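*Asks:* Each number in the numbering used here corresponds to the 1-based position in the sequence shown with 34 added.
No incorrect hints appear here.
Each pair of labels, with its calculated beta carbon distance range: (1) I425 to A235: 47 to 53 Å; (2) V429 to M247: 49 to 55 Å; (3) S393 to I425: 21 to 27 Å; (4) G296 to L260: 26 to 32 Å.
No lab work stands behind these hints, which were simulated from the structure alone. Nothing here was measured: the structure is a model prediction, and the numbers come from that model. For every residue, glycine included, the Cβ atom is placed at its ideal position computed from N, Cα and C.
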Amino acid sequence: MTEPSSTLAEPATPPEKRQLANDLHASTVAAGLVSVLIGYASSAAIIFQAAQAAAIPPSQIGSWMWALGIGMGLTTLGLSWRYRMPLLTAWSTPGAALLVTQLPGVAFDQAVGAFIVASVCMLLVAASGVVTRIMAIVPAALASAMLAGILLPFVLDIFATVRVDPWMPLLLLSVWILCRRWLPRLAIIAVLMAGIAISLARGDFQVAQVSLMLTRPEWVSPAFDLATCLGIGVPLFAVALTTQHLPGLAMVRSAGYSPPVGACLGTTGLASLLMAPFAGHGINMAAISAAPCLGEEAHLDPHRRYTAGVAAGIGYLVLGTLGATVAALFAALPEGLIAVVAGLALMATLGGAMTTAFSDARHLDAALVTFAVTASPLTLAGIGSAFWGLIAGLVIVALGAWRRA
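Produce the complete structure using the sequences and hints provided.
*Replies:* This is how it looks when you write it as structure tokens:
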């Protein structure tokens, strides 16, 4: 594969000859570590919810966090170093949200089989170069409507918690609103810190349960069930491609870089495949968490910002080895706090998905049906609502195209 050229002005030193020691800077290290913190603070609670939905033991939850941390660390470090641009990866947050609703009642070895199917689909897409054609088949409005339907229950859970514990969600919602106005990138970190402080003050945070420990990964032999692969594997692949990879690559482009699309999809697809038997549900290009590494706050020289990606990769590797500690931390937090943090972390994503889904008049009916079916508890033939929502929307789009023809 020919190495892509950047749209930025070429540096005096060719990218492949730049030295990490010379390009590393305190600001790039700080930007990389902030990205890691944002990634974990904004969605680790959702991973924990998905693990609870699957009713898997704590040791396997630790393995899940290990697989994601190590996978993200290696891919972020490798891609950023190889292409000399900040190419950060992340776990699939919408994918984790999908699993919360689809995993109950599913054997976890079958879920791992679905993870493998989603990874193989991503590798096939990377090898074939048909990303553009796939996106032409699934309009952005439908992909966003499916995502919105997946995320809606999490946001509604914020207000369902008010009935049981009114002060916690209302205080955290206030913190989120204030931070979204003045410190938008730190909003979820502030919410999580505020929630921990409130839990400590009320004695709800079982600190004694948390101890620093290295994680021992646990192998799960996959089982392949057709209904599970269609109900979890295919939507997991579609969500990762349309709502994670493409926005993430678009953010890199918006910063003036030309990311290698095939290499990014292939690298994350391979990492997802290798980590799936250890419970990793998927690794993809980062969007929100990559922002601190892409702008001038990382470094004024855009050709040195790749070191922020290197720093982020190392940070992910460290937290990956401590996956059991991260899992224990979230197990010690009150269940209501986790629900509120997860919902607030997904609030902005839900807003963006709904804006995209319902702003295209051509696909409004299809988007509405996709959103409604996906948000419903519908299950047919053992296949969850996300798959049927996408199918229903595509049928309506096809009928509209046939009518116009």
